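The sequence shown begins at 1 in this note's numbering and counts up by one.
No lab work stands behind these hints: they were computed from the structure.
Since we're looking at a predicted model, the values are computed, not measured.
Here a beta-carbon is modelled for each residue, glycine too, at the ideal position from N, C-alpha and C.
Honestly, I wouldn't trust all of these hints.
To be verified - Between beta-carbon pairs, the in silico distance windows are: (1) L25 to C79: 15 to 25 Å; (2) I73 to L12: 24 to 34 Å; (3) L66 to L6: 38 to 48 Å.
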Amino acid sequence: MLNIALSIAFALVTGALGLTFWRLLTGPDDPDRILALDTLYVNTIALLVLLGIHLDSALYFEAAILIAMMGFIGTVALCKYLLRGDIIE
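Produce the complete structure using the sequences and hints provided.
Quick look at the structure:
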């Protein structure tokens, strides 16, 4: 039962990843692209957690935490650049 649920979850998250990547490429303006990039981080984290559950390994959860931290820092830096035109004051 868990294998079926994991297979469905892999397919759905992979589909969401593809649609978000399409939004990143064709976004009408920069804030939409930043939002798509942030969503890509979240989808990547979901894939890593699902892979960690499937392979029964804690290493993937640690990688997901690292990607979450880097994604947050990257999103904040990009938003600050859009608002002020400079990252470091």
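Note whether the CB distance of L25 and C79 lies within 15 to 25 Å or breaks it. 20 Å, holds
Is it true that I73 and L12 lie within 24 to 34 Å of each other by Cβ? For I73 and L12 the Cβ distance comes to about 28 Å; the hint holds.
Regarding L66 and L6, is the given constraint of 38 to 48 Å on their beta-carbon distance met? Roughly 22 Å apart at Cβ, these two residues miss the hinted range, so it is violated.
Hint 3 alone, counting from the list given before, is not met by this structure.
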